[in-house]
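Visitor: Each chain, written out:
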Amino acid sequence: MKSNQLLEKEDNKEMRKLASGVLAAALLSGALLTGCSSDDPDPAPTSASSDATTDGPQSGGTLIWGSRSEPGNGGLDPFVAEVYRGTAIIALIYDTLVTKDDNGVIQPGIAASYTQVDGKTYQFTIREGVKFGDGSDLTVSDVIWSFEHHREAKGAGDAALAKLESITEVTPGVVEFKFSDDNPAFLNNISRATGDYFIVDQQWYEAASENDRQISVNGSGPFTLEAWEQGVELRLVKNSYYWDTERIHLDGITFKITGDDEGALLALVQQGAVDAAWFWGAEYAQQAEDSGWTRGNAAYTSARSLWIDPTFNNGALSDVRVRQAISLAIDREQVISLGTAGLGGITFVTPPAFTELAAPSATTPNYTRNVEQAKTLLAEAGVSDLEITLTYGTNTTDVSALEVIAQNLADAGITLKLNGVPYAEVQNVFTTGAPFMSELIYVVGTKAADPAAAYTSWLTDGGLVSHWQNNPDAEAAKALLAQINVETDPAVRIDLLNQLNAEVADKVLILTPYATPLAYHLWSSKVHGYQTDPQDGRVHLRDAWIEQ
Amino acid sequence: MNYTLKKPQDDTKKPQTKKRFQDVNVSLIAGIAIIAGLTLLGVVMTFWPLNNPSLSLGGRLEGPSARFWLGTDDIGRDTFTRVAQAALTGVAVSIAAAAGACMVGAVIGAFTGYVSGWPDKVIMRVVDALLAIPSILIVLILRLVLGTGVWQLVLALAFLYSPSVVRVIRSTVLVTRRSDFVALAEIAGVNTPSILLKYLLPNSLPTLLVQGASVGSNAVVLEAVLSYLGQGIQPPQPSAGRMLYEYTKFMQTSPMLLIAPAMVVFLLTVGWNLTADGLQRALLITRSGVKK
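Quick note, the sequences are listed as chains A and B, same order.
Residue 151 in our numbering sits at position 151 of the first sequence, and the numbers go up by one each step.
Residue 85 in our numbering sits at position 85 of the second sequence, and the numbers go up by one each step.
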């Protein structure tokens, strides 16, 4: 269609001839490819580009991935690296005991199978024949050591193993984890692709220096490190010892590092210098898509939240009616269409990438805009000319969305002042528990391993950002969270989480105007078999292949 | 023999024309015209805006039209009105910062230049220290202490540029204080504050104006830099620096969103610099009597 429109404006006959030729060639190619794709024996999972396949996946070739970031603090050390830009690479090199599929269901990993004996006991049968990148065998003792070392390294901050009593090999090849208390989030925590519960070669790790662990690897995953020139590129090659090696089509993946300038990354995309890329900014993603690239399925892993301190400034937001008025005044559809270039989604506190949980609907309390009702609630609460402040880190790319929210609130007579501060100040709030600087603080959330973790720090009494002590509005939510933290039946737990999401939306204990993917994944027409995963872990690079 | 009387040549005309043209202080006029023009535009667009710049009245990233002269931004706001208001903000902040720096700097500079001795040494070492620290660092620290807001920004900028005014005014006063009229005033028993206010500062006024214009130019750039970093004018109030930061991502799709605020910063800086040059020229003429 775009070609036709252009032709109408173009008087040049030569151009018409050329365009006609291109169009004919495209139609012919399309017809051929359509015929071929029906013979594809193994279409890649949910691939958006499988229409261009010829005779199934082609093996070989190196995929070049443009990225603005590279592993930061901790480098490639699987026990030290915590930030996403590091773990997203490590996830391609190291394996976890179990994994999570795109539907949120636990699947085998290094463990060929697992059993939840009861709420406190889990058993895993370790897959046979698994080797590390240097050819050495992955043993049960490596598995046990990896978890024990993880607990030593993380101490009290170890979410999955805090209540661990023992890890033992109960029968040959079967590892049992015993906890002192019910640990229903255990599988979620250890299955996260970009988490840090990787299985590591004990001998290699202990022999390597602290520095070597950060710049070299020895994992059992599909790829291994060939070279890392910091700030320039990081090259992975296929791990020839990988236990599922036939699944891997690529010879390697090269990450081209552009730094924080996404404009430079977009230039690489438009020049065809990379085969795939991920963008933080929706605008750049859209421009890359306009260049003919495929944008992956929206994996809304990042809930954009406005955290509330109801005690701030003499308790302006302590009255539930005031909070409900704010939520009702927000036009979520408009915030998404203008503030995220239409690429965002509606969310609860738990982002939509938790596909196992229910998404917000038309019946979700206080989510459908109703300015008149908002004004009525404010009048009932005896509040007029409400002025509140929202503090945000100035490094955010979301100011436009916040400005739309300010406009929305103005319609209901609420003045929202925006207060930009260095991001470190915002970070202090949720890493050290520093006091809020205003009634609201804008937080870019990332998808945790377990959905309940999204609530822990601000809804648990004693949590780092908890400001809901002695507030009756939060009691029901707290009771639900307490239940969730001990419920071991996955189905019941999901139901409780859905109830908690609805309760928080009803009492407006936190405001979640929208969610976005943490990064927008895009790829050229040469790339097949790839799709975004709900963990933003690029796990489907294991299935990807590239036209030679 | 016929003699024809030649009409006497009016040899004064051409040189006079040339002289008059040379007399015109083009820099000063152009500088003031640019600043005044942007101010007028900003005032008109503030009190009688084409469209409410705070509301999303149009579609996303619309092109120029009869309603939206420069199109709309990413959330559908009128770019022209916002840019015009950003220009006014830039003018206001730079004038206020320059005025503040000049007031503080002139008083301290005149005092330290007149009294000499240990107060002069102490004050000038502090001034040297402040001038040695990168300006962006000082102003960022001040922003952390003072908080965000237009007045806090003006205070920070005024503080930042005061030391340079102190140094310039002190050097002027060091010369003026040796004048006969100052000596006579001292003999007549005029007190120090009166000497400063009645004799020394008025004689430093031309220098102060030049320095003030120079501070204005620097303040425009620094305000844009701070806003670019998110530490200047806070949204939704329009600011050229913040626009440059937020709209970089539209460089390819909607370049006008970047060009317009960049032009505001450019014009304001040029306007202040031309004003400073013009004042400098006028000052030289006044002092030497030579038109340069």
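Hints listed in this document are in silico derivations from the structure and should not be mistaken for laboratory results.
Given the structure is predicted, the values throughout are model-derived calculations rather than measurements.
Keep in mind that a hint or two might mislead.
Which chain B residues face chain A? A few, computed with CB under 10 Å, are given here [claimed, not checked]: (1) Ser56; (2) Ser65; (3) Trp69; (4) Asp73.
What follows is a list of derived Cβ distance ranges for each label pair [as the list claims (entries may be wrong)]: (5) A:Thr115 to B:Val145: 55 to 65 Å; (6) B:Pro134 to A:Gln469: 41 to 51 Å; (7) B:Ala66 to A:Gly315: 40 to 50 Å; (8) B:Ser65 to A:Ser384: 30 to 40 Å; (9) A:Pro435 to B:Thr46: 30 to 40 Å.
The beta carbon of each residue, even a glycine, is placed where N, CA and C say it ideally should be.
Visitor: Hint by hint, say whether it matches the structure.
Guide: Against the structure, the hints come out as follows:
Against a cut-off of 10 Å between C-beta atoms, the interface hint on Ser56 of chain B holds, since the closest Cβ of chain A lies about 6 Å away. Because the smallest distance between the Cβ of Ser65 of chain B and any Cβ of chain A comes to about 18 Å, over 10 Å, the interface hint for this residue is violated. Using the Cβ-Cβ criterion of 10 Å, the hint placing Trp69 of chain B at the interface with chain A is not satisfied: the shortest such distance is roughly 21 Å. With a least beta-carbon distance of about 8 Å to chain A, the hint placing Asp73 of chain B at the interface is held under the 10 Å criterion.
Between Thr115 of chain A and Val145 of chain B, the C-beta spacing of about 60 Å keeps the proposed range 55 to 65 Å intact. At about 44 Å, the beta-carbon gap between Pro134 of chain B and Gln469 of chain A stays in the expected band of 41 to 51 Å. Between Ala66 of chain B and Gly315 of chain A the CB atoms are about 49 Å apart, so this pair conforms to the stated range of 40 to 50 Å. Distance hint check for Ser65 of chain B and Ser384 of chain A: the Cβ-Cβ separation is about 38 Å, which falls inside the suggested range of 30 to 40 Å.
Restraint check, Pro435 of chain A to Thr46 of chain B: a C-beta distance of roughly 36 Å satisfies the suggested window 30 to 40 Å.
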